[in-house]
Each structure stands twice: as structure tokens, then as C-alpha cells.
Amino acid sequence: MSTLVQRFKAQAEIVTRDLRHRRLIQTALGNYEIQRDKRKAAFIDWQSARQLAAETKWDALNHLDAHLEQFVRRLEARGTKVHWASTGEQACEIILGLAREKKARSIIKSKSMTSEEIHLNDALEHAGFEVVESDLGEYIVQLRKEPPYHIVFPAMHLTRDEISDLFTRELGSAPTSNPEELTMIARRALRQKYLTADIGITGANFAIAETGMISITENEGNARLTAALPKVVISLLGIEKVLPRLADLALFLPMLAVSGTGQPLTCYNSFYGGPRQPGESDGPEEYHVILLDNHRTRLLADGEQRDALHCIRCGACLNVCPIYRNVGGHTYAATYSGPIGSVITPHLRGLQDWKHLSQSSSLCGACTETCPVKIDLHHHLLQNRRNAARQKPGFLEQTGFRAFAFVMNHPALFRAVAVVGRWLQPLHALVKGGRLDPLRPWTKTREAPVLAPQSFREYWRSRP
Amino acid sequence: MKVTLFIPCFVDLLYPRVAISIVRIIERLGHQVDFPEELTCCGQPAFNSGYWDEARDVAGRVLARLEQSEVVVIASGSCGAMLKVFYPDLFAGTPQAEAAQRLRSKCYEFSDFLVTKLGVTDVGARFPGVATFHDGCHGLRELGLKKPARALLANVRDLTLVEMKQAETCCGFGGTFAAKFPMISTAMGEVKCASAFETHADFIVSNDSSCLMQIQGLLDRQKSGVKTIHLAEVLAQS
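Residue numbers (our numbering), protein chains in the order written: chain F, 1 to 464; chain P, 465 to 702.
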């Protein structure tokens with residue numbers, strides 16, 4: 001579907017030239033880097049911590065079946081209803097079915113990228129349910145009717161003034177650029193929603209097989225309210241979220257916080273393992289867990305790229321990615337943006353439709369260097385390119401590279417091409433930067449290099 | 465020592481002075497230079513675009529010719545990474561897999577060769593000016609070469625090195641990426657240049673001519689007086 005590439009390029013053309021966007025994102029992520037480095041320094045050995053995290057995830061995924069069975073057994077023992085969904089549509093159907101069965105009207109949600117992946121809000125709203133995002137950033141982008149800009153910071157592309165304008169328009173509040181006041185405006189609106197919501201829907205950061213518990217980590221307390229107040233609570237998570245042991249969180253919670261936001265630890269860390277138990281004073285009457293595949297098993301079957309399932313959705317690779325920083329989150333038009341999105345979207349949604357995300361990279365490797373669970377991100381982009389070309393080579397491109405190989409393998413021809421190039425070079429000035437310029441993708445914004453009067457080869461031959 | 469030089473296609477045609485500087489420095493240090501003229505390119509453009517069969521066509525000849533070499537010096541971190549890191553991937557499962565592994569251990573990017581292989585950090589260069597260093601991504605992250613170039617620059621007389629904040633940020637070249645997604649590539653380059661300008665350096669030095677082609681192209685378009693120069697050209701001056 002070439003339209004996806006065209007849309008990507010058209011959007012990139014706009015955003016890369018938006019200097020206000022560039023400044024905003026560079027500053028925000030520059031500050032993030034300072035905080036992250038400060039917190040990383042508190043680890044005795046960050047690299048060993050990454051290695052351990054990667055090995056833990058590798059083990060978790062290589063025994064995923066056993067871990068999931070244990071996870072489900074423990075959950076069910078406490079009265080949780082566990083559902084398995086092969087596809088996003090199935091997961092939406094399960095949730096819609098529950099909402100209808102409970103005669104729900106209003107649904108409150110805490111942050112969940114997995115729900116974005118399956119377009120849950122659309123499905124619920126389409127069926128007539130009111131859905132409210134309770135994470136501040138998610139709430140803001142929901143009011144704007146746009147998807148999250150970033151896995152962790154959904155509204156980072158907006159200034160305080162833009163948020164104030166939005167609240168004034170949508171909530172009727174007085175304009176303010178004070179962050180605390182803005183937060184209070186959202187809080188007042190959201191508190192009512194918690195109290196009237198019939199169902200709460202959460203995501204999950206980790207699924208602990210050993211104890212059958214879901215770990216949710218957040219800074220606003222909104223997930224706690226989402227999971228505590230409604231009578232029915234549903235947690236939606238991908239099957240790759242599993243960690244074998246509770247003790248693994250001693251590593252993963254700080255790593256997620258440091259990589260995600262540059263915090264030593266996220267403010268609220270909660271566990272959910274079932275509905276209200278006898279003798280307990282709070283908790284939902286019903287607790288449902290939906291385990292989603294949605295092509296994760298396809299990635300699991302790919303020996304080369306299986307480690308992409310290590311991802312803990314910290315967003316660190318987005319934060320350091322010079323492509324992400326320049327095109328912004330919305331340009332990707334995929335649920336998961338940045339390097340991890342470019343790697344996994346082709347697996348989740350089709351290689352040929354989404355290969356342009358893997359091509360749109362300078363392969364600088366900043367993502368791989370920063371990834372706390374050591375996903376070989378930029379090399380996976382290369383593999384996606386290879387797989388795409390192997391599966392469906394572009395005629396022009398393949399012919400071009402065959403010609404390239406032929407010239408490079410015939411040094412005399414290579415020299416001849418250089419000589420002809422030198423003859424033609426003075427003519428380039430006539431078309432430079434214009435529609436007829438064969439180098440236009442380069443010369444539109446950059447001066448072209450000049451062929452030297454004498455190549456190194458010629459110099460070498462002329463040496464006494 | 466007999467040093468085999470691998471000169472990438474674009475260095476040969478666009479930046480011969482980089483290669484000439486490398487020859488002069490290596491010879492000045494008392495080593496013999498061998499230049500296999502039949503080798504033109506490492507095959508990276510095809511490899512990075514996903515056309516691995518075509519890349520193997522080119523790379524196979526490189527592999528065969530360099531089999532006899534004692535040590536190979538590559539005038540680019542990016543092509544260095546191709547030979548050292550990506551050939552083993554490219555030839556995995558083929559009859560040349562072992563040859564690719566053997567080549568790996570005798571390949572050096574130029575600055576790495578001087579510092580790691582020869583143990584030389586002072587080549588007696590003099591270069592008056594203020595410079596900032598750009599880490600090419602392949603040299604930095606695939607080959608792990610943060611230190612050698614800086615160790616060499618630290619010993620250049622009359623040169624002041626001022627680090628820029630975003631020394632490790634990609635310049636946006638990325639091979640065919642620069643042509644396929646020119647708007648992104650350009651924005652990345654502009655961010656890079658802005659970081660370099662903050663240092664007030666007169667020169668942006670790097671050990672990768674491909675990055676410098678991108679940066680110089682933008683500097684020229686902006687009519688900036690800042691110049692890019694390859695590490696080898698700095699080191700060859702006295």
C-alpha cells in the first residue's frame with residue numbers, strides 16, 4: 001500500500017520543517033537525557049543490569065507457555081476470569097461483551113498502549129459506551145481526538161498554552177499556563193468519571209508468573225483509582241509482558257523508570273491479582289484479564305527478531321532516536337512509533353505495508369545502545385529491509401543494485417564511469433536543484449560534493 | 465608491516481586527499497602500503513537496502529582479495545563496520561562464512577589502526593585552529609571507537625578540541641536514506657550543525673568522509689564558514 005509511505009513522507013516533510021516542533025522536542029528530550037543519565041549513574045553497573053534484564057526476558061519468552069500457564073492458574077485461583085484473544089478484534093469483542101453484559105454506560109481507562117494497538121476506544125465508542133482516559137497525557141490527546149504522540153509521554157508535543165486552550169474549549173475552564181492549575185482542571189473533571197464509571201480498564205507493565213499478579217507502574221495514581229473504584233475491572237495485556245518471578249521487579253521497575261522518564265522509581269507501583277477477596281475492604285467485584293496475541297507469536301517464531309518481545313515499552317529508544325525527534329510520533333501513523341515501532345509494526349501489521357518505517361532510518365544504532373533490555377533494534381531494521389526485498393524486490397531498485405554490483409566488480413568500468421562523471425559535472429550546474437536534476441533529493445537542501453580532478457586510484461598509479 | 469588499504473568508492477572519487485593523507489602517515493611511520501586497485505566498494509549500499517545477493521556479489525571479491533593481507537586499514541568507520549561487523553552476517557551460512565570471520569580480526573578503521581594496532585597517538589602533526597569532533601555512528605557504535613581519534617587529536621600541536629553536546633548524534637547521512645528520506649536526513653544534519661556551531665569551532669573533524677559530505681553539503685548551502693575535514697588530513701599536516 002504505497003499510500004502509507006506517501007503519507008509518511010508528506011507528514012515528515014511538514015514536521016521536519018517545523019522549527020517550533022524541533023525546539024520543543026529537542027528541549028524536552030534533552031532534559032530527559034540529563035535526568036536519565038543521573039539515575040543511570042546510581043546503578044553500580046548499568047551494563048550488567050541491562051544484560052541481566054535481557055537474559056531474564058529471554059528466559060521468560062523461551063518458556064512463555066509454562067510461564068503463562070502458571071500466571072493464569074494463580075490468577076484463576078483468586079477468582080479472576082482469564083480470557084485469551086488471538087487478535088485485536090477478538091479482544092475488543094470480549095470487552096464489548098462484558099460491557100454489554102454489565103449494562104455499562106461509562107468506562108474509565110488507565111494508560112494502555114495495547115488498547116491503542118487494538119483500537120479499543122473506537123470499538124467501545126462505536127458501540128455507544130462512554131470511554132474516558134484517566135492518564136493526564138492520554139486525557140489531553142483524547143480530548144484532541146488524536147492518538148498518543150509517544151508511548152510514555154502521550155502529549156509531549158503540546159505546550160502548556162495549547163493544553164490550556166484545549167481545556168477552555170472542551171471543559172470551559174479559565175485559561176492558565178500554570179501546570180498545577182492545568183492538572184487540577186483535569187483532576188476535577190476526572191474524579192467524577194471514576195465515581196460514575198461502571199467498568200475500569202487497565203493495561204499492565206509486567207505479568208508476574210510466580211504470583212499471578214499484574215504490575216502497574218504510574219505517576220498519577222489514576223491507574224489505582226481506575227482499578228479500585230469500578231465494580232468490574234479488566235486488564236488487557238500482551239502475552240509478552242510475562243516475567244518469571246516477583247523478585248525480577250527489583251531490577252525491572254527501576255530500569256523502566258530510569259529509561260522511561262529518568263526517575264529512580266515511578267511514583268505508584270501496584271499489583272493486581274484478582275477481585276476483592278473475602279475480608280478485603282476494597283477492590284472490584286469482578287476482575288478480568290485478557291491475554292492478547294495479535295501476532296506476537298509470529299514474532300516469537302522469528303529466531304532472528306524474537307528479542308523484540310523483550311520490550312517493556314519504556315520509550316527510551318524513541319527518546320534518543322534522531323528520526324523520531326525530527327518527524328515526531330504522529331508521522332509514523334502506527335501505534336508504536338520510534339525504533340521499536342519500526343521493528344515490530346511490520347510483524348504486527350504486514351511487512352510490505354510498513355517496510356518504509358524500517359527504511360526510514362540512518363541505522364545510527366542509538367536505539368540499540370540505549371535499550372534497557374538489549375533489543376538489537378537497528379539490526380532488526382536491516383533484517384526487515386532484507387526480508388522485504390527478498391519477498392518482493394522492487395524492479396528498479398534491484399536492477400539498480402545489479403548494475404551497481406556489475407560496475408563495482410569491473411574496476412575499469414568503475415574508472416570509466418568516474419571519467420564520464422567528471423565530463424558531465426560542469427553541466428550539473430544547469431539543472432542543479434531543479435526538477436531535471438538527477439541529484440535533486442540531495443541538492444534540494446544540500447550542496448553536492450565535487451568529483452576530484454584526480455581520483456586516489458589515478459594518484460596511486462602516478463606515484464613514482 | 466605491509467598494510468593493505470581499503471579505499472571506499474566515494475573516498476576514491478570525491479575525497480582522494482583523505483586516502484593520500486593516510487598513505488603518507490602510514491609510510492611516515494615506517495610501514496609499507498599495498499593498495500588493491502581492483503577493489504572499489506564494500507557493497508554497503510546494496511546491503512543496507514536489503515539486496516543482500518547483490519551485496520554479496522561485491523563483497524565476495526573483497527573477501528577473496530583481502531584473504532592474503534596481513535592487516536587491512538579502512539578509510540571510513542562505516543565501510544570498516546561493513547567489513548568487520550556485517551560481512552559475517554552477510555556470509556553466514558555460505559562457503560565464505562569462515563573467510564568473513566578471518567577478515568574480521570585483521571580489519572582496522574584508520575584511527576583504530578594507529579592507536580590500537582600500532583600504539584601511536586602522536587604522529588607529529590600541527591594544525592592551528594579550533595575543532596569539534598563528530599562521531600560517525602558506525603565507527604562509534606558498531607566498532608566501539610570513541611577514544612582513538614580523540615587520543616590522536618589531543619597530540620596535534622596548536623589544535624584546540626571543543627566537544628559539542630551532540631557529538632554522538634547521527635548527522636543524518638545514512639547512505640541511501642539521505643536520498644530516500646531527504647527531509648529527515650536534512651533535519652538531522654541541521655540539528656548536528658547547530659550543535660557544532662555552539663562550540664564556535666572553525667572545523668568539524670571526523671573519521672568518516674560520508675558524514676562530512678552530508679555536513680559540508682549543509683554548511684555550504686547555509687553559506688557557513690565552518691569547514692569539515694577528515695581526521696587523516698588533520699594528522700597529515702605538519
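One thing to keep in mind: the hints can contain errors.
Claimed, not checked - One-sided excerpt, in silico: chain F residues whose CB lies under 7 Å from chain P:
1. ALA389
2. ALA412
3. PHE414
Said to hold, decoys possible - To spell it out: a stretch of chain P is covered by chain F in this simulated footprint if at least three of its residues, at any positions, have a beta carbon under 8 Å from a beta carbon of chain F; those stretches are:
4. 477 to 486
5. 518 to 532
6. 583 to 592
7. 620 to 627
8. 640 to 652
Unchecked claim - Restricting the straight-line Cα-Cα distance to at most 35 Å, the calculated cross-link-like pairs of lysine-lysine (DSBU-like) are:
9. P/LYS687 with F/LYS432
10. P/LYS610 with F/LYS40
11. P/LYS611 with F/LYS374
In short, the hints are calculated from the structure, not lab data. Values in this document were obtained by computation on a predicted structure and should not be read as measured data. The C-beta atom is built at its ideal place from N, Cα and C for all residues, glycine as well.
Do the hints match the structure? See the list:
Of the supplied interface hints, the one on F/ALA389 holds, with its beta-carbon coming within about 3 Å of a beta-carbon of chain P, less than 7 Å. Look at F/ALA412: its Cβ only gets to about 10 Å from chain P, farther than 7 Å, so that hint breaks. Annotation: F/PHE414 was flagged as interfacial toward chain P, and the flag holds, the nearest CB pair being 5 Å apart, inside 7 Å. Here's how the stretch 477 to 486 of chain P fares: 7 of its residues keep a CB closer than 8 Å to some CB of chain F, so the rule of at least three is met and the hint holds.
Three residues within the 8 Å Cβ limit are the bar, and the stretch 518 to 532 of chain P against chain F gives 5, so the coverage statement holds. Remark: the stretch 583 to 592 of chain P is not confirmed as covered by chain F, as 0 of its residues place a Cβ nearer than 8 Å to a Cβ of that chain, below the required three. Here the stretch 620 to 627 of chain P counts 0 residues with a CB under 8 Å from a CB of chain F, which misses the bar of 3, and the coverage is violated. Remark: the stretch 640 to 652 of chain P is confirmed as covered by chain F, as 12 of its residues place a Cβ nearer than 8 Å to a Cβ of that chain, reaching the required three.
Between the alpha carbons of P/LYS687 and F/LYS432 the distance comes to roughly 17 Å, so the proposed pair stays at or under 35 Å and holds. For the given pair, P/LYS610 sits about 20 Å from F/LYS40 by alpha-carbon distance, which is consistent with the 35 Å threshold. At most 35 Å may separate the alpha-carbon atoms for a hinted pair to count; P/LYS611 and F/LYS374 meet this at roughly 23 Å.
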